[in-house]
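Asks: Sequences listed follow chains H and P, in order.
So for the first sequence, the UniProt record's numbering puts the first residue at 1; every next one is plus one.
So for the second sequence, the UniProt record's numbering puts the first residue at 1; every next one is plus one.
No lab work stands behind these hints: they were computed from the structure.
Glycine residues also receive a C-beta, built at the ideal position from the N, C-alpha and C atoms.
Hints should not be assumed to be uniformly reliable.
[Stated by the list, open to error] Here are the simulated DSS-like cross-link-like pairs (lysine-lysine), alpha carbons at most 25 Å apart as the crow flies: (1) H/Lys55 <-> P/Lys144; (2) P/Lys97 <-> H/Lys386; (3) H/Lys386 <-> P/Lys105; (4) P/Lys154 <-> H/Lys386; (5) P/Lys55 <-> H/Lys154; (6) P/Lys272 <-> P/Lys378; (7) P/Lys55 <-> H/Lys144.
[Claimed, not checked] Residues from chain P that face chain H, not an exhaustive set, calculated with beta carbons under 8 Å: (8) Val42; (9) Ala167; (10) Leu169; (11) Ala210; (12) Leu212; (13) Ser296; (14) Lys300; (15) Ser360; (16) Leu387; (17) Ala388; (18) Arg391.
[Said to hold, decoys possible] Some residues of chain P that are not near chain H, with every Cβ distance over 10 Å (derived): (19) Gln39; (20) Gly43; (21) Val90; (22) Glu190; (23) Asp199; (24) Tyr250; (25) Ser318; (26) Gly389.
Number of protein chains: 2
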Amino acid sequence: MNAEIISVGSELLLGQIVNTNAQFLSRHLAEMGVNVFYQTVVGDNSDRLLSTIQKAEERADLIIFTGGLGPTRDDLTKETIAAHLGKKLVLNDEAFKGIRQYFLKIGREMTENNKKQALVLEDCLVLPNENGMAPGMFVKSKNKFYMLLPGPPKEMQPMFEKYGRPAILNVLDRQESIVSRVLRFFGIGESQLETEIEDMIMNQTNPTIAPLAGDGEVTIRLTAKHRSKETANEMIDKVEKEILNRVGEYFYGYGQTTIAAELVQKLKQQNKTIACAESLTGGLFQSMITAVAGASAVLKGGIVCYTNEAKEHLVDVSKKTLDTFGAVSEQCAKELAENVRKKLNADIGISFTGVAGPDSLEENPPGTVWIGISEKGKESKVVLLKLAGDRNQIRNRTAKYGCHFLLRTCQ
Amino acid sequence: MNAEIISVGSELLLGQIVNTNAQFLSRHLAEMGVNVFYQTVVGDNSDRLLSTIQKAEERADLIIFTGGLGPTRDDLTKETIAAHLGKKLVLNDEAFKGIRQYFLKIGREMTENNKKQALVLEDCLVLPNENGMAPGMFVKSKNKFYMLLPGPPKEMQPMFEKYGRPAILNVLDRQESIVSRVLRFFGIGESQLETEIEDMIMNQTNPTIAPLAGDGEVTIRLTAKHRSKETANEMIDKVEKEILNRVGEYFYGYGQTTIAAELVQKLKQQNKTIACAESLTGGLFQSMITAVAGASAVLKGGIVCYTNEAKEHLVDVSKKTLDTFGAVSEQCAKELAENVRKKLNADIGISFTGVAGPDSLEENPPGTVWIGISEKGKESKVVLLKLAGDRNQIRNRTAKYGCHFLLRTCQ
Numbered sequence: 001m002n003a004e005i006i007s008v009g010s011e012l013l014l015g016q017i018v019n020t021n022a023q024f025l026s027r028h029l030a031e032m033g034v035n036v037f038y039q040t041v042v043g044d045n046s047d048r049l050l051s052t053i054q055k056a057e058e059r060a061d062l063i064i065f066t067g068g069l070g071p072t073r074d075d076l077t078k079e080t081i082a083a084h085l086g087k088k089l090v091l092n093d094e095a096f097k098g099i100r101q102y103f104l105k106i107g108r109e110m111t112e113n114n115k116k117q118a119l120v121l122e123d124c125l126v127l128p129n130e131n132g133m134a135p136g137m138f139v140k141s142k143n144k145f146y147m148l149l150p151g152p153p154k155e156m157q158p159m160f161e162k163y164g165r166p167a168i169l170n171v172l173d174r175q176e177s178i179v180s181r182v183l184r185f186f187g188i189g190e191s192q193l194e195t196e197i198e199d200m201i202m203n204q205t206n207p208t209i210a211p212l213a214g215d216g217e218v219t220i221r222l223t224a225k226h227r228s229k230e231t232a233n234e235m236i237d238k239v240e241k242e243i244l245n246r247v248g249e250y251f252y253g254y255g256q257t258t259i260a261a262e263l264v265q266k267l268k269q270q271n272k273t274i275a276c277a278e279s280l281t282g283g284l285f286q287s288m289i290t291a292v293a294g295a296s297a298v299l300k301g302g303i304v305c306y307t308n309e310a311k312e313h314l315v316d317v318s319k320k321t322l323d324t325f326g327a328v329s330e331q332c333a334k335e336l337a338e339n340v341r342k343k344l345n346a347d348i349g350i351s352f353t354g355v356a357g358p359d360s361l362e363e364n365p366p367g368t369v370w371i372g373i374s375e376k377g378k379e380s381k382v383v384l385l386k387l388a389g390d391r392n393q394i395r396n397r398t399a400k401y402g403c404h405f406l407l408r409t410c411q
Numbered sequence: 001m002n003a004e005i006i007s008v009g010s011e012l013l014l015g016q017i018v019n020t021n022a023q024f025l026s027r028h029l030a031e032m033g034v035n036v037f038y039q040t041v042v043g044d045n046s047d048r049l050l051s052t053i054q055k056a057e058e059r060a061d062l063i064i065f066t067g068g069l070g071p072t073r074d075d076l077t078k079e080t081i082a083a084h085l086g087k088k089l090v091l092n093d094e095a096f097k098g099i100r101q102y103f104l105k106i107g108r109e110m111t112e113n114n115k116k117q118a119l120v121l122e123d124c125l126v127l128p129n130e131n132g133m134a135p136g137m138f139v140k141s142k143n144k145f146y147m148l149l150p151g152p153p154k155e156m157q158p159m160f161e162k163y164g165r166p167a168i169l170n171v172l173d174r175q176e177s178i179v180s181r182v183l184r185f186f187g188i189g190e191s192q193l194e195t196e197i198e199d200m201i202m203n204q205t206n207p208t209i210a211p212l213a214g215d216g217e218v219t220i221r222l223t224a225k226h227r228s229k230e231t232a233n234e235m236i237d238k239v240e241k242e243i244l245n246r247v248g249e250y251f252y253g254y255g256q257t258t259i260a261a262e263l264v265q266k267l268k269q270q271n272k273t274i275a276c277a278e279s280l281t282g283g284l285f286q287s288m289i290t291a292v293a294g295a296s297a298v299l300k301g302g303i304v305c306y307t308n309e310a311k312e313h314l315v316d317v318s319k320k321t322l323d324t325f326g327a328v329s330e331q332c333a334k335e336l337a338e339n340v341r342k343k344l345n346a347d348i349g350i351s352f353t354g355v356a357g358p359d360s361l362e363e364n365p366p367g368t369v370w371i372g373i374s375e376k377g378k379e380s381k382v383v384l385l386k387l388a389g390d391r392n393q394i395r396n397r398t399a400k401y402g403c404h405f406l407l408r409t410c411q
């Protein structure tokens with residue numbers, strides 16, 4: 001089954017809002033094994049909407065609309081579709097009851113135009129709106145399916161999950177299961193990763209292998225189709241294994257996880273605590289860690305030692321080190337990591353010092369980064385990175401490299 | 001002039017990412033007086049892209065593409081357009097130099113597929129990419145204009161603002177000037193702000209007044225049209241003055257600034273330094289400050305005291321305070337702010353303690369936030385907030401409230 005998403009609303013064409021609806025629906029449809037080849041945004045204009053529908057009918061079996069179901073004059077999605085399909089609009093008692101109750105609840109009088117929201121296409125399956133007034137609709141006409149959903153994501157998303165998705169699955173009568181798995185990598189560029197598995201990408205059929213770069217990371221989505229869900233999973237297992245044989249050292253987790261979340265989980269498992277001294281990253285590393293619920297079990301705390309004064313007085317970096325080697329140095333990173341670990345009585349200390357830019361510092365260009373790691377009873381490690389990008393890309397990638405190295409430390 | 005936006009990328013059709021590019025470009029085009037009647041998303045598939053281009057040519061004068069300019073095999077936007085327009089792809093020396101320099105800088109070997117990124121359409125205006133490798137292009141063919149932009153927003157947005165927008169304005173030959181100004185507010189909700197200026201919004205004509213909420217903030221975009229740019233600016237000045245008369249206490253800056261950037265600038269002007277003790281925010285406040293270039297002039301540093309142990313040993317909060325009032329208390333916030341200021345010898349100390357959730361802490365529900373501010377020679381102030389939202393919304397809004405209160409302190 002091929003689907004197409006048509007989002008209706010001039011506010012989208014004026015750039016006033018982002019079309020998160022198209023993403024939400026596309027992700028669900030992909031998981032359901034429904035191909036989406038086009039997403040279109042069109043304004044609150046009946047002629048242009050009609051021509052968009054006609055084009056979509058040439059290439060899709062299922063057309064999903066979002067927006068234009070509201071009470072005002074410029075909401076015309078269902079009116080346009082009704083005229084196009086030759087279907088009447090009829091009052092839906094359930095929806096009308098809901099609208100009247102809503103106005104009772106907020107203590108305002110219902111204006112006449114709100115009644116329009118309770119009109120639905122004849123012969124349609126009504127999709128109840130539990131978070132708003134306008135109901136959704138699902139209707140078949142000449143072997144094509146049409147689903148109408150409201151525009152506000154807070155209404156559309158729960159309606160689709162509870163009523164829209166099951167309605168589509170019901171007509172899919174699927175023979176095959178579709179299984180998807182996302183592998184997440186850090187520390188390797190998209191083109192390098194693709195080069196490493198180029199032969200696999202060239203010869204991909206089932207599972208498909210789709211790399212994607214973003215936010216300093218790369219993901220690979222593996223998708224397999226098979227009658228048996230178990231077999232589809234085994235097919236993915238096999239490809240995953242081969243990929244990890246080649247680039248496994250950069251792999252850190254599956255799906256929607258973050259490298260910081262993986263680190264927090266790993267530290268919890270090993271019952272280890274960390275303490276941080278952040279110069280270059282200025283709190284960003286600890287902020288990533290504390291964004292994870294439950295971080296308090298592993299993060300003892302830390303120091304943002306943005307100035308040399310703070311490095312010396314709060315983390316006891318020796319004046320000699322700062323004078324002889326500078327703040328952007330292996331020695332400084334080492335002392336920061338060791339001292340912050342001891343100060344906070346943690347198992348592992350980690351430090352970040354370097355140059356985020358835009359200006360150079362102590363004759364080091366932006367992107368020069370030292371990360372120190374000190375573990376109780378072990379020799380300290382210090383890593384030098386040379387990162388490209390602007391100030392915030394350098395800061396962001398440095399903090400993620402911190403997670404990356406700590407994950408390796410905990411292997 | 002009518003424009004159409006075509007975003008190319010299977011990751012959009014799979015719902016892996018949101019199409020913020022279409023919003024960004026639509027907003028800019030609306031401001032430039034260019035109508036956008038359609039946005040389309042199509043996958044990395046040459047045939048489907050071609051049919052989308054042909055449809056767009058029927059209804060638009062300018063077609064803007066985002067995505068598909070990268071190094072990998074599935075990036076095929078420019079190849080498809082070149083074949084369609086009968087234009088060759090030629091190596092752009094400037095872009096190729098940039099790509100080689102990038103790899104030299106990061107100390108990795110350039111894989112062969114990266115060279116592809118330096119190929120551009122013959123006879124095009126090359127739009128330099130100052131934040132990545134693939135350049136953009138602007139080309140005319142048979143009275144239609146085509147603009148090709150990279151997919152990653154961090155590359156596309158600055159490229160469009162610096163090179164794409166002027167190139168379009170240049171062919172528009174416009175008689176009127178269009179002037180836009182964005183006012184940024186924090187600490188007031190969208191609906192409250194809209195209520196305060198409802199009469200102005202109802203009666204808007206020129207300038208237009210467009211409020212927009214996002215990321216815990218509200219912006220108002222004022223746009224005026226006039227033959228004289230000076231007069232358009234004066235028209236905006238007048239409306240801005242009236243708005244700030246009503247909700248000025250929440251206003252913090254113009255355009256693309258951030259509340260942290262405004263704070264850093266204000267502190268610099270007043271030659272003041274700050275020190276921070278972060279419990280709840282776990283480094284996020286300092287990370288926002290250090291994201292601003294030049295933050296080292298105002299941020300002495302700080303302590304992430306996520307545990308009570310760290311509060312006691314690193315920031316000298318008295319055991320009695322922690323035992324009697326708890327960590328989530330006015331007293332604790334006060335001691336944290338005062339002690340961190342003294343420890344780092346700063347002019348102002350600021351502290352954050354509270355509950356980000358998902359769990360309650362010391363019988364306080366998530367969203368309970370204390371912010372302490374201590375100024376040399378003045379009595380300390382402590383503010384209690386009760387914020388709604390999930391863990392990261394609470395953290396984010398708390399850090400921004402920190403900036404908000406410090407900006408007021410520096411008035």
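Asks: For which of the previously enumerated hints does the structure constitute a violation, in increasing order of number?
Replies: Numbers 5, 9, 10, 15, 16, 17, 19, 20 - these are the hints that the structure violates, sorted from lowest upward.
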